[in-house]
Structure formats: structure tokens, C-alpha cells
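Student: Sequence:
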Amino acid sequence: MAGICSSSTLSSVIQRSMSMGVKDQGCVFSNFRTSLLVETHSRRTIPGKPLHRRNVNIKAEVTYVNADEAKKLIAVEGYTILDVRDNSQYNRAHIKSCYHVPLFVENQDNDFGTIIKRTVHNNFSGLFFGLPFTKLNPDFVQSVKSQFSPERKLLLVCQEGLRSSAAANQLDQAGFQSIACITSGLQKVKPGTFDSVGTTELQDAGKAGLVTVQGKISAVLGTVLVCAYLFITFFPEQAEKLLQFAPTS
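With the numbering used here applied, the sequence shown corresponds to residues 1 to 249, in that order.
Because the hints were derived from the structure by calculation, they are not lab data. Do not take every clue at face value.
[Claimed, not checked] Here are the computed lysine-lysine pairs in the BS3-like style, where the Cα-Cα straight-line distance is at most 27 Å:
no.: 1; residue 1: Lys188; residue 2: Lys207
no.: 2; residue 1: Lys96; residue 2: Lys72
no.: 3; residue 1: Lys153; residue 2: Lys190
no.: 4; residue 1: Lys117; residue 2: Lys135
no.: 5; residue 1: Lys188; residue 2: Lys72
no.: 6; residue 1: Lys71; residue 2: Lys207
no.: 7; residue 1: Lys72; residue 2: Lys190
no.: 8; residue 1: Lys96; residue 2: Lys117
no.: 9; residue 1: Lys188; residue 2: Lys71
no.: 10; residue 1: Lys72; residue 2: Lys145
no.: 11; residue 1: Lys207; residue 2: Lys117
no.: 12; residue 1: Lys96; residue 2: Lys190
no.: 13; residue 1: Lys96; residue 2: Lys153
no.: 14; residue 1: Lys96; residue 2: Lys241
Just so it is clear, the structure is predicted and the values come from calculations on it, not from any experiment.
Make the full structure from the sequences, and use the hints.
Tutor: See the structure below:
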């Protein structure tokens, strides 16, 4: 028939016209990406195989930097500092002009199991290291979202680097696209690197409890012993006379 292309002619037209729409042999080939259409003079269409697009979601990666690189992110790229430590460490020392949303909050639950755990904690970790008894902040992501848009560039900081990594993972899953963390946390930041607020240096904000007292005692005692050793070495006669005044049992 005059109005319809033969199958061999149609195949030939398709092969010659794969990259563009061409009119030939009384047929029209359309190369729309949504579908493959072949039109005849009688306005009949032969549907081809549709091309399906794949939606690919590109997941942002968390960037880990040292203290000097972190300063460049803040000064050059406009990153905002978000401190995710607990209240006690934040109050001892924090970077000036930073924001604070703790990943862990104090656990004040009064169920029997929590009371037992809190008692054990307070008599060991709390007493010796000054660590508060905490639990995961259930409102962490929502609190961050209420202050920042997902497009905001955030530099997360904590004391050792573990909490900031965990917080970065939560924010990444929540849609935040530009997140960075300081490797090993503020404990590796040298004094004077950032302008800070608080009663101690940023690197010492995690130290509390009896450990800090024992540390000072050990330092003083060590200094006394070193001085005594040097005195005996360089002034043996004077040292011997002093020892004569020491009480004997």
C-alpha cells in the first residue's frame, strides 16, 4: 500500500535515522528521549521501547580537616562552627562565636535501671574523670535544622572527634550537604589557634575530676624529686649535712 512503509523499508529508515529525526521514504522517525515513534502518512504510530531515566542521588561526604585547615574553611569558605559537646565541656572552654547543640544531654531519667547505671557512673567515670552521665539528644537534628538550612556549611567540633563524626553522620542523612569535622577534636588544637571563651584551654576542656588534681600533685612531686636529685649530684657535701638533721628511727 502507498500509505504504509514495508517492514524492510521501515527498518532501513530507523537504522539511518538513529541520531536525528529524518523524513524519508514517506516515513517520519522521531528521536524523542521519552519514546521512539514512527509515523506513517496514515497517521498511524508504532511505539518503540521507552527510555527510562534513572534518578541518582549524590550523597555528600564529610570532610575531615586539621586545625589549620579548619581556620581556612571558616575564613575563606564561610563555614559556621557548631560545637556538639555536652554542657560541662562547652562551659569550660569553647571557640568564640560558635553555636552549641549538644549531641548528648544529661540523663535525668529515674527508672530503676538508669538509677543503677548513674550510681555506678558517678562513682567511677564521674568521680575520676568528671564525665557527666548522658544520653543521646533525641532533638539534635531538629534543633540544628531550626537554626540552619541544609545548604549551610557547618564545621562540627567536639573534644575527641568521635561525637562530631556521629553528629555529622546524622546531619548528612538529614540532608545537610557541606559538613566538616576536626580530626581528633579540640584536644589536638594548640593554644591560640582559635579565639576561645572559658576558664581553660580548648585542648584541656575534657579534663575534670580527681585526675586533674592527681595530675597537679604528680607534677609538683616530680619537680621536688628532680630538684633534690640535682642538689645531691652537684652539692653532695651540703646534701650530706642536711641529711644529718633528718630524723632516724
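Student: Next step is simple, just say for each hint if it's right about the structure.
Tutor: Hint by hint, here is what the structure shows:
no., hint, verdict
1, Lys188 with Lys207, "13 Å, holds"
2, Lys96 with Lys72, "16 Å, holds"
3, Lys153 with Lys190, "24 Å, holds"
4, Lys117 with Lys135, "12 Å, holds"
5, Lys188 with Lys72, "17 Å, holds"
6, Lys71 with Lys207, "24 Å, holds"
7, Lys72 with Lys190, "16 Å, holds"
8, Lys96 with Lys117, "35 Å, violated"
9, Lys188 with Lys71, "14 Å, holds"
10, Lys72 with Lys145, "25 Å, holds"
11, Lys207 with Lys117, "22 Å, holds"
12, Lys96 with Lys190, "15 Å, holds"
13, Lys96 with Lys153, "17 Å, holds"
14, Lys96 with Lys241, "56 Å, violated"
Hints 8, 14 from the list above are not met by this structure, while the remaining hints are.
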